[in-house]
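Colleague: Line by line, the protein sequences are chains A and B.
Numbered by numbering that gives the first Met the number 0, the letters in the first sequence go through residues 0 to 450 in order.
Numbered by numbering that gives the first Met the number 0, the letters in the second sequence go through residues 0 to 450 in order.
If you are wondering where the hints come from, they were derived from the structure by calculation, not from laboratory data.
It cannot be assumed that every hint is accurate.
To give an idea of the chain A side of the interface with chain B (calculated C-beta under 8 Å), a few residues [claimed, not checked]:
hint : residue
1    : 132
2    : 219
3    : 379
4    : 382
5    : 384
6    : 395
Computed cross-link-like contacts, DSS-like style, restricted to lysine-lysine with a CA-CA straight-line distance of at most 27 Å [to be verified]:
hint : chain 1 : residue 1 : chain 2 : residue 2
7    : A       : 17        : A       : 171
8    : B       : 126       : A       : 252
9    : A       : 294       : A       : 327
10   : A       : 1         : B       : 1
11   : A       : 370       : B       : 252
12   : A       : 367       : B       : 92
13   : A       : 242       : B       : 367
14   : B       : 143       : A       : 257
15   : A       : 1         : B       : 253
16   : A       : 143       : B       : 328
17   : A       : 1         : B       : 338
18   : B       : 143       : A       : 143
19   : A       : 171       : B       : 92
20   : B       : 370       : A       : 92
21   : A       : 338       : B       : 92
22   : A       : 126       : B       : 271
23   : A       : 143       : B       : 126
24   : A       : 252       : A       : 276
25   : A       : 271       : B       : 378
26   : A       : 260       : B       : 370
27   : A       : 17        : B       : 17
28   : B       : 252       : A       : 143
29   : A       : 242       : B       : 143
30   : B       : 171       : B       : 253
31   : B       : 242       : A       : 143
32   : A       : 126       : A       : 327
33   : A       : 143       : B       : 374
34   : B       : 271       : A       : 242
35   : A       : 92        : B       : 367
36   : B       : 50        : B       : 1
37   : B       : 171       : A       : 338
38   : B       : 260       : A       : 171
39   : B       : 50        : A       : 1
40   : A       : 143       : B       : 260
Bear in mind the structure is a predicted one, so any value in this text is a computation, not a measurement.
No residue lacks a Cβ here, since even glycine has one placed at the ideal position from N, Cα and C.
2 protein chains.
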Amino acid sequence: MKRTLNAESVKNIGKEIKVCGWVDSRRDHGGIVFLDLRDRTGLLQIVSSAKLSESIRNEYVLEVLGTVQERPEKMKNPNLETGSVELKASVIKILSQAHSLPFDLADLDLSLPTLLDNRPLVLRNEKIRAILKIEEGIVSAFRKSMESLDFTGFESPVIVPHNAEGGAEVFKIDYYGRNAYMAQSPQLYKQIMVTAFERVFTVNRVFRAEPSVTTRHLSEYVSLDAELGFIDSWEEIMDVCEKMFLDIFNELKKNCSKELKLLGAVLPEVRKIPRIKMREAQEIIFERTKRDNRKEPDLEPEDEKEICLWAKEKYGSEMVFITHYPVKKRPFYAQPDDKDPGYTLSFDLLFKGLEIVTGGQRINEYEKLLKNIKKWGNKPEQFSFYLQAFKYGMPPEGGFAVGLERVVKQVLGLSNVREASPFPRDMERIDERLSLGKKKAVRKKTSKKKK
Amino acid sequence: MKRTLNAESVKNIGKEIKVCGWVDSRRDHGGIVFLDLRDRTGLLQIVSSAKLSESIRNEYVLEVLGTVQERPEKMKNPNLETGSVELKASVIKILSQAHSLPFDLADLDLSLPTLLDNRPLVLRNEKIRAILKIEEGIVSAFRKSMESLDFTGFESPVIVPHNAEGGAEVFKIDYYGRNAYMAQSPQLYKQIMVTAFERVFTVNRVFRAEPSVTTRHLSEYVSLDAELGFIDSWEEIMDVCEKMFLDIFNELKKNCSKELKLLGAVLPEVRKIPRIKMREAQEIIFERTKRDNRKEPDLEPEDEKEICLWAKEKYGSEMVFITHYPVKKRPFYAQPDDKDPGYTLSFDLLFKGLEIVTGGQRINEYEKLLKNIKKWGNKPEQFSFYLQAFKYGMPPEGGFAVGLERVVKQVLGLSNVREASPFPRDMERIDERLSLGKKKAVRKKTSKKKK
Chain A
0 MKRTLNAESV KNIGKEIKVC GWVDSRRDHG GIVFLDLRDR TGLLQIVSSA KLSESIRNEY
60 VLEVLGTVQE RPEKMKNPNL ETGSVELKAS VIKILSQAHS LPFDLADLDL SLPTLLDNRP
120 LVLRNEKIRA ILKIEEGIVS AFRKSMESLD FTGFESPVIV PHNAEGGAEV FKIDYYGRNA
180 YMAQSPQLYK QIMVTAFERV FTVNRVFRAE PSVTTRHLSE YVSLDAELGF IDSWEEIMDV
240 CEKMFLDIFN ELKKNCSKEL KLLGAVLPEV RKIPRIKMRE AQEIIFERTK RDNRKEPDLE
300 PEDEKEICLW AKEKYGSEMV FITHYPVKKR PFYAQPDDKD PGYTLSFDLL FKGLEIVTGG
360 QRINEYEKLL KNIKKWGNKP EQFSFYLQAF KYGMPPEGGF AVGLERVVKQ VLGLSNVREA
420 SPFPRDMERI DERLSLGKKK AVRKKTSKKK K
Chain B
0 MKRTLNAESV KNIGKEIKVC GWVDSRRDHG GIVFLDLRDR TGLLQIVSSA KLSESIRNEY
60 VLEVLGTVQE RPEKMKNPNL ETGSVELKAS VIKILSQAHS LPFDLADLDL SLPTLLDNRP
120 LVLRNEKIRA ILKIEEGIVS AFRKSMESLD FTGFESPVIV PHNAEGGAEV FKIDYYGRNA
180 YMAQSPQLYK QIMVTAFERV FTVNRVFRAE PSVTTRHLSE YVSLDAELGF IDSWEEIMDV
240 CEKMFLDIFN ELKKNCSKEL KLLGAVLPEV RKIPRIKMRE AQEIIFERTK RDNRKEPDLE
300 PEDEKEICLW AKEKYGSEMV FITHYPVKKR PFYAQPDDKD PGYTLSFDLL FKGLEIVTGG
360 QRINEYEKLL KNIKKWGNKP EQFSFYLQAF KYGMPPEGGF AVGLERVVKQ VLGLSNVREA
420 SPFPRDMERI DERLSLGKKK AVRKKTSKKK K
């Protein structure tokens with residue numbers, strides 16, 4: 000007999016069907032056992048004799064043959080999609096047994112480290128699954144939005160030949176006995192691809208050897224990138240970003256309403272996102288809090304939270320573009336604003352207090368770019384491949400990068416970005432905890448020094 | 000004035016428009032200059048006075064204001080989509096200049112290493128762009144097919160804690176002073192995800208420290224992965240793979256017909272793909288060629304070509320599934336065939352002589368898997384995270400992995416898999432050639448030995 004999915008059971012009253020899934024819970028009532036069977040479409044109540052399900056415990060994987068029957072009116076469960084029916088089991092086949100669970104999967108009131116230690120098991124929880132469904136919904140919606148705006152996708156490489164953007168926050172690879180690095184972003188490649196397709200997007204894992212453990216940083220995260228040529232103005236880049244978020248939230252509304260409801264999340268209304276210069280933001284923050292960060296070259300996390308409160312109060316917007324970061328705080332390729340010397344045509348997008356996007360117009364003039372590469376202390380010969388794109392004609396262009404896990408975190412109000420990644424990596428964890436290895440490494444160093 | 004795309008010019012006869020793009024070619028005819036302007040939609044002929052385009056050379060980026068006029072009947076170019084019109088330029092603005100080109104972009108009769116050295120420039124060639132459009136078309140079609148079959152996507156990590164599948168072909172990372180590795184496949188993670196969503200897919204960059212340079216191998220490539228639980232039979236995995244290719248080729252027909260035509264590619268008809276055991280294939284190859292590889296545990300590249308010729312002759316199929324590889328040639332997680340001891344429920348899919356997919360049913364029984372991990376010489380403690388998925392109930396499951404660049408290579412009849420990647424990496428190249436670095440590394444080793 001072909002398998003019927005749980006959600007389809009309600010259409011099969013009186014019929015014999017076969018269902019498959021995991022035992023989500025077991026309740027014994029005298030000689031009768033109720034099993035909630037979980038499959039990818041939801042739960043279905045199985046009614047069986049005590050004998051038939053004698054050895055069955057939570058998370059056992061079953062194949063159940065039985066007859067769908069309508070539940071008596073007072074026994075209907077309005078909280079369950081299949082709550083109007085139940086399956087009276089005639090045959091139960093155990094497809095896979097489960098060891099005793101270390102904790103109750105329905106009630107995950109545990110510390111985050113414990114949850115992450117047990118990630119493969121925890122992924123079975125319906126709320127965790129909902130988070131990951133929404134994450135994937137955003138990836139799909141991003142791709143769809145980009146394609147509708149005539150962007151062409153491409154696959155950007157992870158292995159790169161140089162530590163191009165400088166800094167210590169890059170992972171080194173042993174590449175056939177040479178050094179290579181893991182890309183911190185697809186930046187240089189997406190700019191090159193503008194010369195092929197004008198408008199490009201790419202979804203990649205990117206890597207930051209982030210030396211601290213915060214609720215906002217991962218060592219490996221998903222970056223949603225867009226880059227577009229022939230812009231009339233750098234504001235066009237923000238227009239595309241705005242349109243993209245509108246599309247993403249509309250798609251989520253359409254495809255993930257069940258998951259959003261389960262997690263109690265309300266999607267933001269994206270209309271026109273306010274755009275203000277960083278210096279204006281600093282003035283506003285000073286006025287509101289008397290905290291004077293007006294001479295800082297960047298916004299601190301607490302500033303980002305404050306300016307989001309302001310945007311919400313003044314414009315009813317959960318999001319705000321902060322523009323014109325100082326030249327010195329941006330990479331060599333950031334286009335300076337000729338009308339505002341010392342500042343760049345760049346932006347961050349803040350969402351409920353957290354930066355989720357960074358972008359801007361790029362320098363598209365070959366000589367100017369070459370000069371900046373030198374000025375930033377980089378070796379031009381390490382950029383000769385990238386520079387080809389500019390040497391042979393590059394239109395005015397720019398783009399942005401979205402941190403996927405941060406968007407998920409903010410949409411759902413999660414307290415830690417790790418919850419938004421199926422398998423988060425940080426300084427202390429790659430699936431399992433790394434503390435032992437770390438101690439070892441430190442010990443080694445010390446002993447060397449002593450010698 | 001808002002920009003008009005080249006392809007839209009034919010709808011604007013008699014009107015003044017603004018177009019933007021790169022100069023694909025320049026032809027001087029006395030006082031008149033013809034420029035073919037290239038944008039993402041195609042070429043448009045610009046007619047200008049010699050004075051107006053005096054300094055303009057190939058690959059200059061222009062913004063051109065002018066009037067669209069119908070070409071005289073005998074001047075129409077049926078090979079060009081906009082060949083019935085031309086733009087009489089009134090204003091030409093240079094957005095970006097280009098240095099002299101090292102070669103003619105229209106005629107890339109150069110060695111592959113030279114083409115790859117100049118990849119950012121070469122990407123502007125229409126045939127190269129067509130290859131990459133088709134590659135992206137396959138990624139999109141894969142995702143669409145998977146979603147239609149109720150698979151849920153997820154993002155699989157690149158950084159992994161152990162060299163899990165063993166072997167030297169793995170890249171090592173310096174992870175905060177510890178060792179970590181770059182994933183050779185999302186295998187363990189997609190199996191874990193089956194317990195969350197039953198049917199999952201994932202698109203990832205994967206890494207092989209392939210120590211040789213061949214036309215079929217890359218150090219970094221794109222893997223299209225699927226994994227599904229609750230299979231009735233391992234043949235169901237091949238059914239899904241077959242359906243997926245049918246979907247992909249149908250989508251390509253719909254969305255990339257222009258590119259396929261340009262490259263002279265004919266898509267294969269996917270109906271029922273023949274399925275034969277490896278040993279049967281070896282017998283057939285022996286009968287056809289008298290080459291006796293019947294005792295080999297795997298097919299050699301020349302065997303793969305021969306059996307594809309056979310499948311084409313006998314079944315009219317460009318593809319053939321080879322099944323039942325020996326236990327010893329497959330990873331620890333491959334499900335053995337109880338009815339055929341020593342062989343696994345595994346398959347490769349060959350397409351025009353090349354392996355493009357590998358897959359099979361996995362061991363879903365915890366104790367059996369644990370035993371195999373030990374038998375394969377692995378440390379079970381390195382698999383404790385993965386094993387959680389099995390310890391707490393895993394249905395019968397399996398899946399497959401598609402090598403994206405190989406599919407592109409075979410669909411288009413390219414001679415080297417490098418041509419199917421925008422930025423291919425191998426032992427000798429990460430964008431630029433690495434030969435110098437290699438020599439250095441070798442020299443270092445030698446001098447150490449001498450000491």
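Colleague: None of the hints should be skipped; say for each whether it holds.
Modeller: Status of each hint after checking the structure:
no.: 1; hint: 132; in the structure: holds (7 Å)
no.: 2; hint: 219; in the structure: holds (5 Å)
no.: 3; hint: 379; in the structure: violated (13 Å)
no.: 4; hint: 382; in the structure: violated (10 Å)
no.: 5; hint: 384; in the structure: holds (4 Å)
no.: 6; hint: 395; in the structure: holds (6 Å)
no.: 7; hint: 17/A / 171/A; in the structure: violated (52 Å)
no.: 8; hint: 126/B / 252/A; in the structure: violated (40 Å)
no.: 9; hint: 294/A / 327/A; in the structure: holds (14 Å)
no.: 10; hint: 1/A / 1/B; in the structure: violated (58 Å)
no.: 11; hint: 370/A / 252/B; in the structure: violated (46 Å)
no.: 12; hint: 367/A / 92/B; in the structure: holds (19 Å)
no.: 13; hint: 242/A / 367/B; in the structure: violated (51 Å)
no.: 14; hint: 143/B / 257/A; in the structure: holds (21 Å)
no.: 15; hint: 1/A / 253/B; in the structure: violated (33 Å)
no.: 16; hint: 143/A / 328/B; in the structure: violated (40 Å)
no.: 17; hint: 1/A / 338/B; in the structure: holds (23 Å)
no.: 18; hint: 143/B / 143/A; in the structure: holds (11 Å)
no.: 19; hint: 171/A / 92/B; in the structure: violated (44 Å)
no.: 20; hint: 370/B / 92/A; in the structure: holds (24 Å)
no.: 21; hint: 338/A / 92/B; in the structure: holds (22 Å)
no.: 22; hint: 126/A / 271/B; in the structure: violated (40 Å)
no.: 23; hint: 143/A / 126/B; in the structure: holds (25 Å)
no.: 24; hint: 252/A / 276/A; in the structure: violated (32 Å)
no.: 25; hint: 271/A / 378/B; in the structure: violated (56 Å)
no.: 26; hint: 260/A / 370/B; in the structure: violated (43 Å)
no.: 27; hint: 17/A / 17/B; in the structure: violated (64 Å)
no.: 28; hint: 252/B / 143/A; in the structure: holds (19 Å)
no.: 29; hint: 242/A / 143/B; in the structure: holds (23 Å)
no.: 30; hint: 171/B / 253/B; in the structure: violated (42 Å)
no.: 31; hint: 242/B / 143/A; in the structure: holds (23 Å)
no.: 32; hint: 126/A / 327/A; in the structure: violated (43 Å)
no.: 33; hint: 143/A / 374/B; in the structure: violated (46 Å)
no.: 34; hint: 271/B / 242/A; in the structure: violated (43 Å)
no.: 35; hint: 92/A / 367/B; in the structure: holds (19 Å)
no.: 36; hint: 50/B / 1/B; in the structure: holds (25 Å)
no.: 37; hint: 171/B / 338/A; in the structure: violated (47 Å)
no.: 38; hint: 260/B / 171/A; in the structure: violated (43 Å)
no.: 39; hint: 50/B / 1/A; in the structure: violated (76 Å)
no.: 40; hint: 143/A / 260/B; in the structure: holds (26 Å)
Violated hints, in rising order: 3, 4, 7, 8, 10, 11, 13, 15, 16, 19, 22, 24, 25, 26, 27, 30, 32, 33, 34, 37, 38, 39; the structure is consistent with all others.
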